[in-house]
Amino acid sequence: MKAQRGRFYPDAMDTWPEAKLRRYQLQRLRLVLQHARRGLSFYRQLYGEAKSRPGAVRSFEDFARLPTFTKKDVLDAIRNNKSFRTGIESRERADAGVLCMTSGTLGTSFLYLPRRWAEIRGDSLARAYWWAGLRPGMRMLMAAPAWHSLAVQETRVIHRLGVTCVVPWGTFLPRHASGFLAAIAEVRPDFVSIFLPMLYALLAECRRQNLRPADAFRSVQNVLVVGAPMTPLSRAKLREELGVKDLFEGLGNPEGLTAMECSHHGGHHIFVDCCYVEIIDPRSGAPLPAEKRGNVVITSLIPHGSAYIRYDTEDVGEILPGSCPCGRTWPLLEVYDRRVNAVEVARKEIFPYDVRLCVDKVPELIHIPFALLRGRGTAQLLKLKVQKPAGGAGEVLASRLKTHIKEALGVEARVEWTEELPQRWKGVAVIDEENEGRPRV
Amino acid sequence: MRKLKQLIGQASAAPFYQRKLAMISAGASSSLKAFTQKAPTTTLEELIAEKRATGDPYSSRWNKDRAPLVVFQLEYDSETSLYIGLGREELAGYAEALRRCWSLLGLRRGDGVGIFDYGTSPVSYLASSAFTPYLRRGAADALGCVVICNDGGANMSRRAVEIIKYVRPRILFLRSDCLHPFALEVEKESISLSDYTGALVAVENEAVLSTADREAYEKRLAVRIYRMLRIDAAMFLAVECPRCRLLHTWQDLFLVESPAQDNNEGANPGPTPLVITNWFAKSCPAIRYVSQVKATLEPAGCPRGPKDVRIAA
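First to last, the sequence lines map onto chains A and B. For the first sequence, position 108 matches number 526 in our numbering, and the numbering has no gaps at all. For the second sequence, position 1 matches number 59 in our numbering, and the numbering has no gaps at all.
Read the hints as simulated data drawn from the structure, not as lab findings. Where hints are given, some of them may not hold.
Below, simulated DSS-like cross-link-like pairs (lysine-lysine); rule was C-alpha separation at most 27 angstroms, straight line [claimed, not checked]: (1) B:LYS223 / A:LYS490; (2) B:LYS246 / A:LYS490; (3) B:LYS365 / A:LYS489; (4) A:LYS489 / B:LYS352; (5) A:LYS438 / A:LYS469; (6) A:LYS500 / B:LYS63; (7) B:LYS91 / A:LYS500.
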């Protein structure tokens, strides 16, 4: 990012030739490893046990031989130390910092984020918001979940891009939807940054209030969503319903990943200025080439605060092949779901996102919630519970859906209509049948 | 009285106050006494009515041509949402009030501070410049504390207990309505709260945890519980002093009145609604805002803050 009249605007780094980007990334990786060797006990122990030599890393291949770790390792360290201090973080006493948290199915871990971290990551994220159309002088709606690192980054983005903001009361849970909707309609932001499930909650609130979403969103030019994947068809439908110019999807995690769509929506450009991404085979740990799905492993390139190095997110994703028509050289990433949400059918690993693509091909079912049912072991049939659409459900809709699933995924499906799905605020549910039909949250 | 004249001058640029203040004579700004006798009060109902009548999100209180840097929707259970607009000055003054609350509670450099409230509560967003755009220095920045927030929903109690266990904050601020679910979670985990934290501070907007409830929770959780008062429409904060157990606030930031008390010199009329005038809220003024908190003003003189305004609520 470069300074211009006191504000920051994206520089040309996103069009650097690949070789230059790789040189930059290797240099940053070595800097982060140096930081880890000097002051982070978690890595000294991890590398010591694995007999790895981070100081000897000269190439990406060397780097790929360092051990990975998962959230469970972090949680174990927290429990063993009886403290959020796991040795992943450096405490910079001269630099005021905050603690943020990650939430998830496994438990809560903590990140120490000093001011320098917020500056670097926030300035990087400002580029993403710029791509999504946020400009100086605009007003942005932001949720303020101060427990999450995105709030810290957005604070920096707003300041750096010189925009103003409106913050609705509460947090991005559906019960706060009416307040969020009022803030959009009354304070009239130009730009909305929102958690995708909350956007769906806003649409439901519009229906409840008998309000056209496009009327509520009249002032809004662009929307940036995070938190769950949007399919191309659901994006198109959302754009039409909201009457906005475009919707952009951001991907990320507090540990170090930022990836963002450009206006071509052909995947998420990895923000290589701040993170290094690898896709690995979950069984062997071997790096996978583009177009192969595997576990997403990330390394934060910011040597401040909590520094995650070869952190296996246990998300399933792939690097997309080819280059983006936008001309940016930052690689494209797609993330599908958490690995634990995989359902094995006829020896195929299927994720809710794969099914969502099929569901969305039936226009009556776009935005309709569904859940996958998972039994013990491999099933021969993909079982879905789908909430009945407002216009009613029937064998014809089920048949069309099953045809799309067969064509796209190569498996047979059984569709069960239901009045109401277990409410899960974050993404699509996978229901374990042996768990008495309760969603796995 | 320059401060008073300035405030009236700035407030008069906001349509809402322009109308209200037009009715008072110039003498109202000659002294604080004249001001409190002549300047009209502002109620929540008036702000709601103004918002509904004009559609202006700030209830016609915003007095500048330029939009506020940060707009917060307020926590009021009203039929229409209310908002405050903040510029740099308001953010700085409001954060200073929070810093003083923290100082009074004894928070110092290096202390951990937990907050179990929404990010949109001033208790959270004024805590650190990391949480709020254009806030130069939050309470934690000023004091050198490390702060951690948790969403203020009752269902987040388990995570609040994890904060207690693994961060060991010297003080945990929490919403009064989260006290019960938090206490249940503490009991479920069978932890001795005082091994992990020095005190809890129960916070509410335009209400204060009752003394009986406070005592019951202190007994149940075996930890000191202090109270903190927010009056968000007036950008007001006060906190209970560990020494005198009265709420303290600061006269250079707020003018606090208890009108019935003021009009009954010598006689004690009992608790009456607190009336707040904010000295630092210049772009979105709050003049003689009648809160829903009934209290009495007590004489200054606590050793922890000899000049502080003291409130018994």
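Status of each hint after checking the structure:
no. : hint                : verdict
1   : B:LYS223 / A:LYS490 : 18 angstroms, holds
2   : B:LYS246 / A:LYS490 : 23 angstroms, holds
3   : B:LYS365 / A:LYS489 : 51 angstroms, violated
4   : A:LYS489 / B:LYS352 : 49 angstroms, violated
5   : A:LYS438 / A:LYS469 : 31 angstroms, violated
6   : A:LYS500 / B:LYS63  : 56 angstroms, violated
7   : B:LYS91 / A:LYS500  : 56 angstroms, violated
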